[in-house]
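Just so you know, the sequences run in chain order A and B. For the first sequence, the residue numbers in our numbering are 357 to 496. For the second sequence, the residue numbers in our numbering are 19 to 133.
Think of the hints as simulated: they come from the structure by calculation, not from any bench. Careful, some of the hints might be misleading.
Claimed, not checked - The calculated lysine to any residue pairs, modelled on SDA-like cross-linking and capped at a C-alpha distance of 20 angstroms, are:
hint: 1; chain 1: A; residue 1: Lys404; chain 2: B; residue 2: Leu72
hint: 2; chain 1: A; residue 1: Lys404; chain 2: A; residue 2: Ala434
hint: 3; chain 1: A; residue 1: Lys404; chain 2: B; residue 2: Val38
hint: 4; chain 1: A; residue 1: Lys404; chain 2: B; residue 2: Ala97
Each chain, written out:
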Amino acid sequence: MSGGGAVADVLDLLGAFLVLLGCFLCFAAALGIVRLPDVVSRMHAATKPQTLGLILLVAGVAVSLRTWASFGTLLLVAALQLATAPVSAHLVGRTVYRTDQVRHDLLARDDLATDLEAAGFHLGPAPEDAGPPEDDARLS
Amino acid sequence: MSGVHTAVLVMMALGGLLLVVAASLTVARMARGPSSLDRVVAADVLVAVVIAVLAAEAIVHDHATTLPVMLVLSLLGFAGAVSIARFVAERDLAVRGREQEAPGAPTDPVDEGQR
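Chain A extracted, bound-state conformation:
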């Protein structure tokens, strides 16, 4: 809203619309966070505003403010988020799988399970014959 000219008006409207789209993605993610059944599918919903939503928001603000300083800062925001979001999502997803919080009945196929099976792991709930050593494991 720096005033003046038809181009400025169009850019203001475009920026506001982009930010509105970003807000809608945040809303959709929150809906998914509440409605989806397990942690992995909730992560699927949660990554939408973190990457696409943030890029839309940042583009909207950059188009609206139209200064080089804000453009640089916003570029840094988007770049840092794009660099760090996959790392944190990978760590959370790995922890989810290893602590067995995945709903295996909802999966169509589980490639990691077959790979782990080939590497000598058994997945899913703990085997029944491991009953006695469980107490020792909790103590140590």
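Go by the hints and put chain B onto chain A.
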């Protein structure tokens, strides 16, 4: 100019409404989430919602003072998620690791490498 200004304000009000609902839903999941990882994911979304609020506010008031805050917030979610994920992994893997070792061969180099 005035018409465009009004349109921008209306769009931002609509976006603010969406963000308020989004934040409430996310906080509900944080309060109810069965595991701490649910809460981590919900906290990440809440950080994204706060970034969106700051962006909408920057557009409405036409200033750039909140942009550094957006920068910090985009890094904050990362640090929180990674630290909590590592914390949960260490605590739960200690139990599951012994369960998996107990029935099978305890000294399998592939197993140790994978873990």
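Notebook entry, point to check: If you draw a straight line from the CA of A/Lys404 to the CA of A/Ala434, is it 20 angstroms or shorter?
Noted result: holds (14 angstroms)
Is it true that the CA of A/Lys404 sits at most 20 angstroms from the CA of B/Leu72? Within the cut-off at roughly 18 angstroms; holds.
Is A/Lys404 within 20 angstroms of B/Ala97, Cα to Cα?
The given pair, whose Cα atoms are some 19 angstroms apart, holds under the 20 angstroms limit.
Taking only the CA atoms, is the gap from A/Lys404 to B/Val38 under or equal to 20 angstroms? Distance ~17 angstroms between A/Lys404 and B/Val38 Cα, so the pair holds.
Checked against the numbered hints given earlier, this structure breaks none of them.
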